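Trainee: Read top to bottom, the protein sequences are chains A and B. Under UniProt numbering, the first residue of the first sequence carries the number 1, and numbering increases by one thereafter. Under UniProt numbering, the first residue of the second sequence carries the number 1, and numbering increases by one thereafter.
These are computed hints drawn from the structure, not numbers from a lab. The model shown is predicted, which means the values in this text are computed figures rather than measured ones. The beta carbon of each residue, even a glycine, is placed where N, CA and C say it ideally should be. A hint or two may mislead.
PhoX-like, lysine-lysine: derived pairs with alpha carbons at most 25 Å apart [stated by the list, open to error]:
#	chain 1	residue 1	chain 2	residue 2
1	B	159	A	405
2	A	247	B	159
3	A	73	B	232
To give a feel for the contact side, a few chain A residues facing chain B, derived at Cβ under 7 Å [claimed, not checked]:
#	residue
4	248
5	333
6	380
7	392
Below are the chains, spelled out letter by letter.
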Amino acid sequence: MTMTKRWKTALSALAVSAGMAAGTAQAGEVKIWTLTFDNNSANIAWDKTIKEFEAANPGITVTREGRSVDEHKAALRVAAQSSQGPDIYFMWAGLGLGGEFVKAGLSKPLDAYYTQYDWDKRIVGTAGSFSKLYPGGRHGVPYTFHGEAIYYNKALFQKAGITELPKSYDELKAVAAKLKEAGITPMTFGGTVNWHLMRLMDVILEAKCGAEKHDQLMDMKLDWGTEACATASFEELADWSQNYILKPFMGIDNSQSFNLFLANRAAMMVEGDWLVGQLSDAKKIDNFDLFPVPTGTDRLYGFAEYLYVSSKSANPDDAAKFLDYLLSDKVQQENLGAFGSISVNSNVKYANISALDQKWLDIFGKYTKIYVNGDQAFPLDVTTEYWRVINEVASGNLKGAEAGKTLQTFISNRG
Amino acid sequence: MPQASQSARPERQGYVLLAPALIVYLLFAVYPMIDVIRMSFSSWNGLSPEARFVGLANYRAIVTQDPVFWGALRNTIWWTALAVILPNLISFGLALALNQNIPGKSSLRVVFYLPVIIASIAVATIWKWMYDPFFGLFNNLLMQMGLDGWILDWLGDRKVALWSVFVAHVWQSVGFSMVLFLAGLQGVSATLVEAARIDGAGRWGVFRYVTLPALKPTMMVVFVLSLINSLKAFDIVYGMTGGGPAQSTQMLAMWAYTQSMQLGVFGRGAAVSVVLLLITLVIVLPYIRWMFRREEMAR
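Given only the sequences and the hints, what does the whole structure look like? Please build it.
Mentor: Structure, rendered in structure tokens:
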């Protein structure tokens, strides 16, 4: 063989093997991209579920790649330009984060699979409702569903003489005032992670604007600069920050805030259902209780995490088959607590659960409508500005009336 | 073999040896740089298949509509101005001290150099804990000394947050310049120092008329390196404040990253990067010219 021939042969072999390695997903192969879950039991549950699915479905291979949040988002953007992306990907529900990918045409509508597998019969209604938010069909299936409420320190409430839980926003403010009078800091937040303090603004908006106006503001259909309830909400936020939040809070994060809450330094905290596990781990679950944020709108504050089928998937049928297995009564029952404290499957039975978990189940059973976190509702750039404005108001650098105008200017400039 | 081809061979070999490095440089430095400039004239969210040409719209937007850009530019200039002065003055003082025959000078050199080898993100974590308003070292020390009024939200108060991060940067960076100054001091001619002393120069005279002039090239190198590193300031700020509170510690490099990689507004992120590149070039080009001139003079 001459030198040139040898080169040609070697290059051809290299090209063939590279093509095989980089080619699109093979028949029967389902690639899943998720986060690397902090909760290791979720990672274990995923591995176990995949193994069982593969055993029950010979010919289908499932692989899962986990990444940190920012890496995951970046990887999905890169994959959007190639055929090397996943068949199924994790993303939050709502018009913000999840909606961006749906809008870009990277999610496959799943209407046919919803009918084929009758998913609506077993998916918790509120969790599944996010799939209907998008134009052009239903997108994604719920992976987890979370509610957020006010956790409170029972002993501190008792010390302040609070015997009844607040049923309206005004009563909540009265409770905060009573706690302050008793020398107890009413609420704790961590300001470095912008989304933590944002929760307070979200619930104030729900209380001050009502469901319809709140949604319109988040959809950017109402003017933040002229809408009176938006200004009032920012003023309320300033009032909470100046009078009722444990200071200093702008330099601490959510976990430091939680530690202060555990150490009885503040009486209340707006947190999700996942906090039950953390309180249990800290062996202080009996010291705390919770109640939904009394906004007067009969909507629960919460969000969902979804699994979407990529529009570029070569094997959408296999991907849907896997999702069907993941959502099945068996898998959800066996892995209860691993994916989330509350299952997205309505047939799952709960036994021997803590009082707080039971309370969450009751709350999920009671509410049929939800409003989502600001960062799930807004597009990413608006979220960043929303956070900046909230932080400025909370730090006392921006007045309520100016805050709405500042946010609206940013929204208007987007065109 | 003809003599001409014999003399040409080493040159050709030089190019062959240079080629891999040149290819890597062109591919991973020059091409991305050109691509960022191209991107700065486009609108792209990282998801749609193609970027749309928008002319100067991104530049107009960052200058007239971006509520963070000017603050980030101000912070970058502030940071750079201080970073080329304060840490280097401290480094110079340390180098002068550790160039004397004092006991334990080798260990002290290691101690002062140690922060340089710690990853910036680890430095950020260490200082973040020391600045913790409730459990951190500084506030607890102040409390124990009865200085409760001095207690601050070091990273949460916009009036002090950037200063707090800067102190951590100083702690991390003085060792590097100190080593450069020490190397420069070792190069000061002992004969000249001796001659100056024989001529009656005192300590200050030797320092002013012998040591300082001899350190001029080192000072230039330290100045330019500090300048370039300061303009690129990212990791320590990202690790300590993430640009907060309310974007008040945001820097141009980090804002470019945030726009592109976190918000998916690649065109605007690229425009911010190009502004930073231009600022860097304006400062660095005179340095490169000076370097070339020096080399020519040395020949």
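Trainee: Given the hint that residue 73 of chain A pairs with residue 232 of chain B, test it: the Cα-Cα distance must not exceed 25 Å.
Mentor: Status holds; Cα separation ~24 Å.
Trainee: Verify the interface restraint on residue 392 of chain A: the C-beta must sit less than 7 Å from at least one C-beta of chain B.
Mentor: Interface hint status for residue 392 of chain A: holds (5 Å vs cutoff 7 Å).
Trainee: Mind checking the alpha carbons of residue 247 of chain A and residue 159 of chain B for me, to see if they're no more than 25 Å apart?
Mentor: Judged against 25 Å, a Cα distance of about 16 Å means the pair holds.
Trainee: With chain B as the partner, please determine if residue 380 of chain A meets the hint condition of a C-beta pair closer than 7 Å.
Mentor: At about 5 Å, which falls below the 7 Å cut-off, the nearest Cβ of chain B leaves the hint on residue 380 of chain A intact, so it holds.
Trainee: Just to be careful, I want the Cα atoms of residue 159 of chain B and residue 405 of chain A compared with a cutoff of 25 Å; is the pair within it?
Mentor: Holds, at about 24 Å.
Trainee: When the nearest CB of chain B is found for residue 333 of chain A, is that gap smaller than 7 Å?
Mentor: Hint on residue 333 of chain A: violated, closest Cβ of chain B at ~37 Å, above 7 Å.
Trainee: Once the shortest beta carbon distance from residue 248 of chain A to chain B is found, is it less than 7 Å?
Mentor: holds (3 Å)
In summary, the one numbered hint that this structure violates is 5.
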